[in-house]
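Starting from the given sequences, assemble the full structure and let the hints guide the process.
Quick note, the sequences are listed as chains P and B, same order.
The numbering used here applies: residue 1 is where the first sequence begins, and numbers increase by one.
The numbering used here applies: residue 1 is where the second sequence begins, and numbers increase by one.
Don't take every hint at face value.
To be verified - Below, computed lysine to any residue pairings styled on SDA-like, alpha-carbon distance capped at 20 Å:
id, chain 1, residue 1, chain 2, residue 2
1, P, Lys-76, B, Thr-122
2, P, Lys-76, B, Ala-136
3, P, Lys-101, P, Asn-69
4, P, Lys-81, B, Glu-115
5, P, Lys-81, B, Glu-90
6, P, Lys-76, B, Asn-31
As the list claims (entries may be wrong) - Selected chain P positions facing chain B (Cβ under 8 Å, derived; list incomplete):
id, residue
7, Gly-11
8, Leu-29
9, Gly-30
10, Arg-32
It is worth saying that the hints were derived from the structure and are not from the lab.
We put the CB at the ideal spot given by N, CA and C, even for glycine.
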Amino acid sequence: MLKILAVCGNGQGSSIVLRLGLEPALEDLGIRDVSIECTALGQAQSMVQFVDLIIIAAHLQDGIELPKNKPIVVVKNLINKQEVREKVEVALREYYPELLKN
Amino acid sequence: MRDLRDMLGEKTVLLNQTVTDWKEAVRIGGNMLVDVKAAEPKYVNAMIRFAEELDPYIVIGEGLALPHARPEEGVLETCFSLLTLSEPIEFGNEYNDPVYVIFCMAAIDNNAHVEALRQICTLCGEPENFEKIKNAQTLLDIQDLLELASNSK
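Right under this line is the structure:
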């Protein structure tokens, strides 16, 4: 299972917006075995090592120490499904190409 | 009450307003939530504090802000308010400023607001619809758009 961590200030706002954008994008890419956890910056630090991909708003990325060996998807316009989809696809292609349909 | 259509009404929608800065905008949007007893007055200040502490990342999309704070800061019931501005304002977000549309959010937990948030994303994620929200003149305009977005998911 692909484990994704969506991070925002309190785990209720933009991380859920990111999840809502991710769901159709992942389905489109043929990835169904996935879990998306939404969390606050404060809790995220202890979770980053246990997930496969981290997605975060551009403005928050300096608030957390992100692992260097994992895909980090940084999104500027969170409601732009095209931006979310393109960036996630690039990250998956680089780190988990076996998960993509083609 | 989980549908945005039930949350946005005469008391929770203000269109084409003029404000001097982003804090005033959050205050107006927040006070609407207080008026419908979705939040305690202290929640309004919490939303402003939250936006200050964590950069202006609450500007989640181009021209769109989603001010909110934690449930324990005074949320009484899950609800949203909508404020649109005739002159946009800067929140200090380098990617998505200036802001025309502000949805203030009061979420009682991690789930009850998700469906309404989905409706906001559907609505505002389409540039054409977002323009219509920006230019809406009456509550009826907003309700028509909501109806459209709710049926097209």
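Verification of the supplied hints:
1. The suggested pairing of Lys-76 (chain P) with Thr-122 (chain B) holds, with an alpha-carbon distance near 17 Å, which does not exceed 20 Å.
2. The suggested pairing of Lys-76 (chain P) with Ala-136 (chain B) is violated, with an alpha-carbon distance near 26 Å, which exceeds 20 Å.
3. A C-alpha spacing of about 23 Å is found between Lys-101 (chain P) and Asn-69 (chain P), which places the hinted pair above 20 Å, so the restraint is violated.
4. Taken as a hint, the Lys-81 (chain P) and Glu-115 (chain B) pair is honoured in the structure, with Cα atoms around 17 Å apart against an allowance of 20 Å.
5. A C-alpha spacing of about 24 Å is found between Lys-81 (chain P) and Glu-90 (chain B), which places the hinted pair above 20 Å, so the restraint is violated.
6. Simply put, Lys-76 (chain P) and Asn-31 (chain B) have alpha-carbon atoms about 29 Å apart, too far for the 20 Å limit, and the pair is violated.
7. Taking 8 Å as the C-beta cut-off, the interface hint given for Gly-11 (chain P) holds, the closest approach to chain B being about 7 Å.
8. At about 18 Å, the closest approach between the beta carbon of Leu-29 (chain P) and any beta carbon in chain B exceeds 8 Å, and the interface hint on this residue is violated.
9. The restraint placing Gly-30 (chain P) at the interface with chain B is violated, with a minimum CB-CB distance near 21 Å, outside the 8 Å limit.
10. Interface hint status for Arg-32 (chain P): violated, as the beta-carbon distance to the closest one in chain B is roughly 19 Å, over 8 Å.
In terms of the numbered hints stated before, the structure departs from hints 2, 3, 5, 6, 8, 9 and 10, listed from lowest to highest.
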